[in-house]
Amino acid sequence: MIVDFHTHVDEAEAFGWIDPPEKIVELLDDAAIDRAVIMTYTDLPGMNAKALDYIVESAERFSDRLIPFVRLNPNYRKDVPGLVAEAVARGVRGIKLHPTTTLAHPVGSATLDLLALAGDAGLPVLFHCGDDPYTTPQTLALAAAAVPECTVVFGHMGGYAHVKDAIEAARKQHNIVLETSAMPYPALISKAVEVIGAERVVFGSDGPGCNPRLELAKITGLGLEPADERAILGGNAARLLGLDRA
Amino acid sequence: MIDALAIIGENLFGASLDLDSHLSTLEALGVGGAVVAPARGRDYRFDTANDRLAAAVEGRAEVRWLARVDPNQADAAVAELRRCIAAGASGVYLDPDQDVFRVVDSRQVVTAAADSGLASVIAAGAPLRAEPLQFDDLAQSVPHARIVLTSGGQINISGLSMIDAWLALTRNPNLHVLSNGEYRQDYLERLANELDPERLLFASMAPLHDQRFELDRIRSARFDASQRELIEHENAARLFAFAGGRSRDGAARLPGAE
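Those protein sequences? They're chains A and B, same order as listed.
The first sequence begins at 1 in the numbering used here and counts up one residue at a time.
The second sequence begins at 247 in the numbering used here and counts up one residue at a time.
Be aware that one or more of the hints could be misleading.
[As the list claims (entries may be wrong)] If the Cβ cut is set under 10 Å, some of the chain B residues that face chain A in the computed set are:
# : residue
1 : Ser270
2 : Pro373
3 : Ser397
4 : Ile403
5 : Asn426
6 : His455
7 : Arg458
Read the hints as simulated data drawn from the structure, not as lab findings.
We put the beta carbon where it would ideally sit given N, CA and C, even for glycine.
In isolation and in its complexed conformation, chain B is listed as follows:
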């Protein structure tokens, strides 16, 4: 099983989580793999945060890391992403809320990641900046990008935003979603049953969300065995290039990430 997103390191915006602590928690929960991205630290520097995370991940076959960049920095953000890709990053992580940009203004970075064959993981749900139909615009403008949205693609406890998220997802096969914090288990089940189980991934998004509760969330949703295998393991292995990851019709397995 793979937790497809946690935010690691000193966190300007709340609780901080170090990699060893996160992996220890996951191990206790029976989760063997992890995808991690840097938090924004108090120094506001992503280059050093990326380097720290790359060093922490070094030698851990069960962990993949995402570079974090600020799309407001335009060419400099793309240069930092390319530097991280060369250092082994498996994708890019963007947070429109914390770093203050509209998702449509991340097109240059998302395109650069896609041109390198890597996914863009983007924090979804912030009003004005990361609404579901803003992701629809982004996905349509970079159709070759694989874009992974946190929180099911939306944040709204009325359920109203789910309708826009569903529209965005049905219109754009390149959009995927993480399960963290999702309002309504039946939405997660509908994603698997009516859309495509290859487009939903288990993630805790710790420390914002609690690993144990998020694991309970995905385990309590009703999926058949093949859907669950995709959601809890294979989709992350495929999107983030874990060694031994496979496509739906593939055969290889991820060592140590059962």
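So that you can see chain A by itself, here it is in the shape it has in the complex:
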């Protein structure tokens, strides 16, 4: 089973990004990808109060394909515990945090409290991990170290200039998982496998903006050991998302 750990489903008119669930499902079909984690572009609560409804209903429409994550703004501290509880009750399997859009610092108490909640609930937290302040591997590693019971997934595994930093952070901190979407250096995925092992690397595409077929080819073209490739393409995601228990 191939699982794409990072895709988007949303109709965010303010951003001009209109990506209903059919769009990513069509791309998954094109790439022969079985399932995908989906998340919105907007943070909850915020500009779209119905974001949780949208993502859950999208996943329900394609229940054998799409796995919902809720995208949250930790700064809404009073709302977050209730939102996490509601999300879990409605089948959400993880949390997406994008500190560039929320301006919630990863080691601020609001985010750390949320990570603790996620850890208690067994929800992995997918952070946007790139080159901007609030998102670098160094910053996120501090958050991961502060809440070791939470699995922290580095989406984009450091972006452009921070990929080696992400690998080093994951080497030191064992609750960090690296997600491969969009970063343009295939050889550094092999390096990550060499340094931290395949069990903490997961395939993601950041589709539909990024093409899942291309992102998948980035993994399958590496010439990895078959067991490692299977783990990265789906085995690890199944473990993190509890799909192997479903």
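Take the given structure of chain A and dock chain B to it, following the hints.
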């Protein structure tokens, strides 16, 4: 098909790539043409790097080379560019990040290249030095220059910088972009569909980026046949004066670069 940029020679900043190895990889991938520029070597000298690359390219009709100069050297940089043009350079390559200058401070070199009818290829995306709207300033200040930006004109994996790059591109018809490392295939597709397919060129920017993956990137983007012909071949043939290159309404083809 032409790979519109690779960086060749001993590289102070990372992996090194020699011309024969690069061309061999491209041949295996079915790419017949290449544009190459020198890396900064450990001796920090571009004059010798330019000469080495010119000698390596000599006699290869399928390869064009770009002179590399350091705009911080002002008149000396222009003199080196003119020396290289006389030796057959098809343009100039500038790297604001590695050579530490703001792109707006490369105006003298870019103007000199433009006055000779040659394109300036510039590494884009470094914060503080090579941001999309800094290229907007440069392009507006040298409107007769043809400026080709790496990485779609920006580097940012949030997608936020794409908006500034789009602004710069829509405001300046003299800006072109390479496809290497570009975050989001839909951005590449939008460039072709909503801007101008004559302003996007396939490039690997090896060895920073992987030739095979960058070829996969451009091949996976959805272009119609005429757009693809421009992006994968004709735009580079036109901008870098490959023998047999043609404009959109021309007829000649590039031998050996299919």
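Results of checking the hints against the structure:
1. With 10 Å as the threshold, the beta carbon of B:Ser270 stays out of range of chain A, its nearest partner Cβ sitting at about 18 Å, so the hint is violated.
2. Satisfaction of the interface hint for B:Pro373 is found here, the shortest Cβ-Cβ separation to chain A being roughly 8 Å, below the 10 Å cut-off.
3. Taking 10 Å as the C-beta cut-off, the interface hint given for B:Ser397 holds, the closest approach to chain A being about 8 Å.
4. Among the interface hints, the one on B:Ile403 holds; its C-beta lies about 4 Å from the nearest C-beta in chain A, closer than the 10 Å criterion.
5. The beta carbon of B:Asn426 comes within 8 Å of a beta carbon in chain A, closer than 10 Å, and the hint placing it at the interface holds.
6. Look at B:His455: its Cβ gets to within about 6 Å of chain A, closer than 10 Å, so that hint holds up.
7. Because the smallest distance between the Cβ of B:Arg458 and any Cβ of chain A comes to about 7 Å, under 10 Å, the interface hint for this residue holds.
Of the numbered hints given earlier, the model fails hint 1 alone.
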